[in-house]
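Chemist: Residue strings, one per chain:
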Amino acid sequence: MRRQVPFIIATVAGVLMLVQFFVPAHGMVRMQTVFTLYTRIIGGFAMVLGVASLMQVSWVRVKRRADNWPFALTTILGFVVMFAVGVLGGFFIHDPTTGKLTWSAGIAPDKNPVFGWLFYNVYTTMDATIFSLLAFYMASAAYRAMRARDLTAGMLLGAAMIVMLGRAPLTAYFWDMWLVKPTDHQIASLGEITEWLLTYPNTAATRALMFGTGLAALAQGVRILVGLERPYMAGTGD
Amino acid sequence: MSRSGVMCALVGMCITAAVALTCCASAEPLAVAESAPAAVPTESAPAPTPEPTPATESAPATESAAPPGPTQPDFVEDPTLSPPQSLIAQDVPGDEGGALLLMWELSPDDTAPAMPREREQKTSPALKWLTKKERGQELANIAAAAAKSKCGYVVLRKVSTDSEFAWHPSMVPTGNPDGSEQEDPDFAGPETLPGGTREFKDESFVFLVPPGEDSELVSDKPPTLEDLQELRARRAKKDPRYNTYDYEVRFTKAGKMSLPAAIQGVRPRGNLFNPWWGNMAIVILLSGGLILGFIYTARLGRRALYVRPIAGLQAVEDAVGRATEMGRPILFSAGFGGVGDLSTIAAMVVLGRIARVAAEHGTQIIVPCLDPVVMAALREVVREAYMTAGRPEDYREDRIYFLTSAQFAYAAGVSGLIVRERVAACFYMGSFFAESLILAETGAMAGAIQIVGTDAYTQLPFFITACDYTLMCEEYYGASAYLSREPRLLGSLKGQDYSKLIIAVAMVASVILATVLSRIGAAGMAEFLQELFHYRAG
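Residue numbers (the numbering used here), protein chains in the order written: chain A, 1 to 238; chain B, 1001 to 1538.
Rather than coming from a laboratory, the hints here were simulated on the basis of the structure. Just so you know, these numbers come straight off a predicted model, no measurement behind them. It is possible that some hints are incorrect.
Stated by the list, open to error - Among the chain B residues that face chain A by a calculated CB cut under 8 angstroms, a handful are:
1) Asp1095
2) Ala1099
3) Met1348
4) Ser1499
Claimed, not checked - Across the chosen pairs, the derived CB separations fall in these ranges:
5) A/Arg167 with B/Phe1433: 19 to 29 angstroms
6) B/Leu1272 with A/Thr74: 55 to 65 angstroms
7) B/Glu1191 with A/Leu170: 50 to 60 angstroms
8) B/Leu1300 with A/Ala148: 41 to 51 angstroms
9) A/Gly191 with B/Val1508: 27 to 37 angstroms
10) B/Gly1136 with A/Leu179: 37 to 47 angstroms
11) A/Ala204 with B/Ala1126: 33 to 43 angstroms
12) A/Ala128 with B/Gly1340: 28 to 38 angstroms
13) B/Arg1234 with A/Arg167: 48 to 58 angstroms
Note that beta-carbon positions come from the ideal geometry of N, C-alpha and C, so glycine has one too.
I would like the entire structure built from these sequences, with the hints used as guidance.
Modeler: Here's what the structure looks like:
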């Protein structure tokens, strides 16, 4: 029973969702909406579990003065500060019209300026900083990857050069000025070549990948539905 | 698949079918009625008067003041004009039950050419084999000719319990609880159609959601219970589950309109199957059948199944062994999907295999999670793997923890983890987005061996560049079968490959056929062939 009940639940739910996809009746659509709501509710409660786990791990690290414990302390302090500002800030807001502290039920920036300041000037800034690292990482990755070791690597390098130059306005301009216009548009512009590369070979390869992914996902789903793989039973289904 | 598994599957399917049929229990059958005789004026037709009456007298009693506007038809009723013939109502197939199709034959006084109905555009011999562009041009020519005729049709709708049809939106109560006016053009006022039109699809029905789920109140003041009840009562008029509807169709010409062709007590209903997705259903049944067939065949064990070597999967044990020798932990990231995403489920299965190898080698595994539900699931997976390997005492729950749900905060956290913990091997399995390169480059700089499996084809270039081994899309989904080498799982890979072969052959044949048809001047047939493979969202 311990193995059969989860399997029945998983199979029933899986087949129900599959059938629901093809049955447009309102009852089935409503069922999907309700299941989505259940998922959100469970996710909300699970967030409490996740935060408790993070705090517990960080606190143990701080208490034992483990390696890099200041980072764990920063995590705890960051959580406590944002939580306190968000919750307490909703209670104590300075009302400019009356000049007194007044009740506010929201944590929007216009109602909780401290929370808003922390969010936009601390969190969003750091988020953008990490995102901007991508530019440098991309350059270093491209430097490592763009080596013409063999034919396919050479083709990759050539296509990458064309697309990069085609996307840059300056190189596209000089290409047009020196090659396209003197030959009366007999030679295609860099933008046209770039678009052709992205529209045809690139799209064909992408669709081939998506095609294989779709069928592989279908096979994975069939394996789960018939119980060959049971991730809900801790993975192996053995 | 064991006998008990088959029984469970059958029980599950029976329960599913019962639930599905219960949910799809439709409302009362759709009434199909002929139009009312043209010679008998219907009681619901408003009496024509030369001057419009004031809006306040004809508007139903509501708290809001109706804006000024005509409260009677713009046309004068002329009994000598012939009404539309053979009016019927049909449910639109393959929908949720929110659309109804009215069809009629042209009035004998209509001089406009008949516009082909939507269904006839795909079935009539004159239009069937035209391309979309040619068909659109033909329809545009018919519409232009119809516009010159100065004929038309007017369609009116009302709930069967209402007393009269509304000729202007102001007659339909659509105000907000606080008295402000809210236009509700979807369910008010007549629909005017050009001459030659022979059908009208009414898609304005809306299903009422349970109280608390709708959030369309626009007033800043909290509404009273009575206001909410009144609003829901008005919205309930658009729900075909609670109402039937009456329709009138009148022919108009030169400022005059005929007596109505009427139909009463009709409503749309939900359907059990969407025919637009028949092609997808066929492919799923075909592919699923092949996969199940090969799973069964592999179970019989007739022949060993060959799977091509995949370097990334062969390197898993080497990576864990390397980490063991260096005395450093391994890191596993399950990506950015939720617990309902198939890629995350595949990551759980792969983690189970990797964790078992790590447990056998005595290597610590760190699993920072983006989603708390996924964290709970992964903890169980790793715990079970350690127990299966006979090392339950080595399992540390604090190594699988929730990090953050923000994308770049997670990337920063994992990057810091890789550097501080000096991980020797990184496994990225699941769905990844813009943070993929940050993770991969950090691991590369830290000198860790990196194995990636993802179905995010947009991130593949970054992973291929920065990581040692990359499992692309279907290789990733087949990783669990590859790692376990169980015949039934390998059989599913074989079934997947055969279905891919069949679909690829069908695609190539269709492309060749469509090209040939286009060349010989049958471009319409080529388009028809292409549409067989299209997925329609609605």
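Chemist: All hints are to be evaluated individually against the structure, with a verdict given for each.
Modeler: Status of each hint after checking the structure:
The beta carbon of B/Asp1095 is positioned within 8 angstroms of a beta carbon in chain A (closest approach about 6 angstroms), and the interface hint is therefore held. Evaluation of the B/Ala1099 hint against chain A yields a violated restraint, the C-beta minimum of about 11 angstroms exceeding 8 angstroms. Hint on B/Met1348 holds. Least Cβ distance to chain A is approximately 4 angstroms, under the 8 angstroms limit. Because the closest C-beta pair between B/Ser1499 and chain A is about 6 angstroms apart, less than 8 angstroms, the hint holds.
Separated by about 21 angstroms at the C-beta atoms, A/Arg167 and B/Phe1433 satisfy the suggested range of 19 to 29 angstroms. Between B/Leu1272 and A/Thr74 the beta carbon distance is about 57 angstroms. The supplied range of 55 to 65 angstroms therefore holds. For the hinted restraint 50 to 60 angstroms between B/Glu1191 and A/Leu170, the CB-CB distance of approximately 55 angstroms keeps it satisfied. A hinted range of 41 to 51 angstroms for the beta carbons of B/Leu1300 and A/Ala148 is consistent with their spacing of about 50 angstroms.
A hinted range of 27 to 37 angstroms for the beta carbons of A/Gly191 and B/Val1508 is consistent with their spacing of about 32 angstroms. Hint check: B/Gly1136 to A/Leu179, Cβ distance near 40 angstroms, so the stated range 37 to 47 angstroms holds. In this structure, A/Ala204 and B/Ala1126 meet the distance hint of 33 to 43 angstroms, their C-beta atoms being roughly 36 angstroms apart. For A/Ala128 and B/Gly1340, the hinted distance range of 28 to 38 angstroms is satisfied, since their beta carbons lie about 30 angstroms from each other.
Judged by the Cβ atoms, the range 48 to 58 angstroms given for B/Arg1234 and A/Arg167 holds: they are separated by roughly 54 angstroms.
Consistency note: the structure conflicts with earlier hint 2 alone.
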